[in-house]
Amino acid sequence: MFSEVYDVIVVGGGHAGCEAAAAAANMGSRTLLVTMNLQTIGQMSCNPAMGGIAKGQIIREIDALGGYCGLVTDRSAIQFKMLNKSKGPAMWSPRSQNDRMRFAEQWRLSLEKTNNLDFYQEMVTKLLVEKERVTGVETSLGIQIKAKSVVLTNGTFLNGLIHIGEKNFGGGRAGERAATGLTHQLEQYGFESGRMKTGTPPRVDGRSLNYSKMIPQPGDEKPGRFSYLPTPPLSEQRDCHMTYTSPLVHDQLREGFERSPMFNGRIQSIGPRYCPSIEDKINRFSDKERHQIFVEPEGWDTVEVYVNGFSTSLPEDVQYKALRSVEGFENVKFFRPGYAIEYDYFPPTQLKHTLETKLIENLYFAGQINGTTGYEEAGAQGLMAGVNAHLKLQEQDPFVLRRDEAYIGVLIDDLITKGTEEPYRMFTSRAEYRTLLRQDNADLRLTEKSHKLGLASGERLRLVKEKKRQSGALVGFFKKTSFLPKEINPILGALGSKEVSQGDKLVRVFSRPKVKMEHMLQVQSVAEYVKEQNLGQEVLEQAEIQVKYAGYIEKEKANADKLQRLENIRIPEDFDYMKLSSLSMEAREKLSDIRPATISQASRISGVSPSDISVLLVFLGR
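Numbering-wise, the sequence shown is residues 1 to 622 according to the numbering used here.
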């Protein structure tokens, strides 16, 4: 049935699997995507939204590298919002609400248009391994499919167990069966596994809600987009809404605590700290009288609504009773109750920076199998696993992003260096160089690197070069062009900023905190230049950031250069840490387990002290 040997087999058609398959295929590898249900490729298992704090930056990085999720998101968006606009640009984070059905459809259509990519619907139950090297997969029907490398992106399906109150049943998602067999086999090869938990709220009928009692949450007046390619911006948007729980709701929820799998010991695995269930919130924050609930439409035409902030595994009757006491939900009708799901994962310290496993050659893990949570985190890992699977087969150098180059670099380094005992989610605070890693410059940071690999298209490279040229020229214009006091003082006066008595270069005024690009466009010379050069919003934004945050950016670049010196000091793969008696015992054990590639990575391992690093540097002749 499968006579050819594939270069790459990707197991699982979620966000990680889709990006992995697209990346490997687009780079020229013969790729097969095997998934249990071809109708749910790219499915949004939880909320119908993409991006958010730090996550939006990741999507823009995936897009800049030539991944698909930015394009898919733009083509299926129903609302767009830039979060944190009141803060500095390092914190700006794009977020969109999406049409759940169109999102999955766009993924399917995009993958079907991708050359070198085949599809097969079935469950993978076993890996084929010879001499500690993966050689393919075996399905539940006993079909063996040969491959030079395999990427596992099993999400929540590995021995997935769904909990609703005192009931539980096997499943990887509501209405879909769990995947079995792989965990047991991998454990036999020496892999360590664990269990994690996540949850999802009820889905309800929007026709049964009273939106007049809720607070509308519209999108941006001028909606942006995720992709750096010219996808059309939204001309119309759908509102979300916000409401709150109350002490009455909390009391009604508490009535079900004794039947809750979280509190009666049935669920022992750890859930996401930053996305707790409603029962967890009212238990941990018992002093809070109310919690926000965001009411998110699932698409343009469907009446299904996602109740964000009400994730729960309480019995369905308790969920229903409590939700009816929420303002605007008095007559609510359920489409399906919320549930918790437990699933297997593999601590990511068992991986290399390429996401290849240390124990089995040419086997890669990406997504929730590595202990992460979130569509964006999964997609980023999938793309990097797909890229590196291809590169290794071509005997080319691996593609690894540093912590000062991308949030993707921070994500993967955190996972394999520190590991995680709870579902890992990205935040801006995890990145030491977030002023460098902004959502507006992901293309400037990454597209050229990706184009050299053969992933990002020539069109992407052309656009990024033009953006770089235009924004650089505009910054130069502000630095060399002078103004007269009479044309700038009315603008400064209106802003409550100190007026000037003599002319100077435009950059001096533009650098002031209150002065923005919209004010500078009131200066005739600036307006004429922008019109003459036909500069778009992205270029204006880029120039503004470069002018106003130049000091911060230069400082972070200097810090990143210091880090780079340690990144360049590599540690041999077979280095015997146990022979260094000067190292603490904890450091020897941790270093032997993680096997860092560089001194810089070694310094980030918990339990490895600065004095341990000094010993290593001496031993390595530095």
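Because the hints were derived from the structure by calculation, they are not lab data.
There may be inaccurate statements among the hints.
To be verified - Lysine-lysine pairs mimicking PhoX-like chemistry, simulated, CA-CA at most 25 Å apart:
| no. | residue 1 | residue 2 |
| --- | --- | --- |
| 1 | 392 | 358 |
| 2 | 131 | 113 |
| 3 | 126 | 352 |
| 4 | 531 | 514 |
| 5 | 321 | 352 |
| 6 | 465 | 418 |
| 7 | 352 | 131 |
| 8 | 555 | 452 |
| 9 | 113 | 452 |
| 10 | 452 | 126 |
| 11 | 548 | 418 |
| 12 | 486 | 514 |
| 13 | 548 | 498 |
So, going through the hints one by one against the coordinates:
1. Pair hint residue 392 plus residue 358 holds up; C-alpha atoms about 14 Å apart against a cutoff of 25 Å.
2. Under the criterion of a C-alpha separation no larger than 25 Å, the hint pairing residue 131 with residue 113 is inconsistent with the structure, at around 36 Å.
3. The straight-line distance between the Cα atoms of residue 126 and residue 352 is roughly 22 Å, inside the 25 Å bound, and the hint therefore holds.
4. Proposed proximity of residue 531 and residue 514 is supported: the alpha carbons are some 24 Å apart, at most 25 Å.
5. Of the pairs offered as hints, the one joining residue 321 and residue 352 is violated, with about 48 Å between alpha carbons and a cut-off of 25 Å exceeded.
6. A hinted pair counts as satisfied when its Cα atoms are at most 25 Å apart, and residue 465 with residue 418 does not qualify at roughly 36 Å.
7. As the CA atoms of residue 352 and residue 131 are separated by approximately 19 Å, the hinted pair is consistent with the 25 Å bound.
8. Distance hint between residue 555 and residue 452 is unfulfilled; the C-alpha atoms sit about 29 Å from each other, more than 25 Å.
9. Straight-line distance between C-alpha atoms of residue 113 and residue 452 comes to about 23 Å, which keeps the hinted pair within the 25 Å bound.
10. Of the supplied pair hints, the one linking residue 452 and residue 126 is violated, its CA atoms being roughly 35 Å apart against a limit of 25 Å.
11. About 35 Å separates the Cα atoms of residue 548 and residue 418, which puts this hinted pair outside 25 Å; it is violated.
12. At most 25 Å may separate the alpha-carbon atoms for a hinted pair to count; residue 486 and residue 514 meet this at roughly 19 Å.
13. Distance restraint check for residue 548 and residue 498: the Cα-Cα separation of roughly 18 Å lies within the 25 Å cut-off, and the hinted pair is therefore satisfied.
Checked against the numbered hints above, the structure breaks hints 2, 5, 6, 8, 10, 11 and satisfies the rest.
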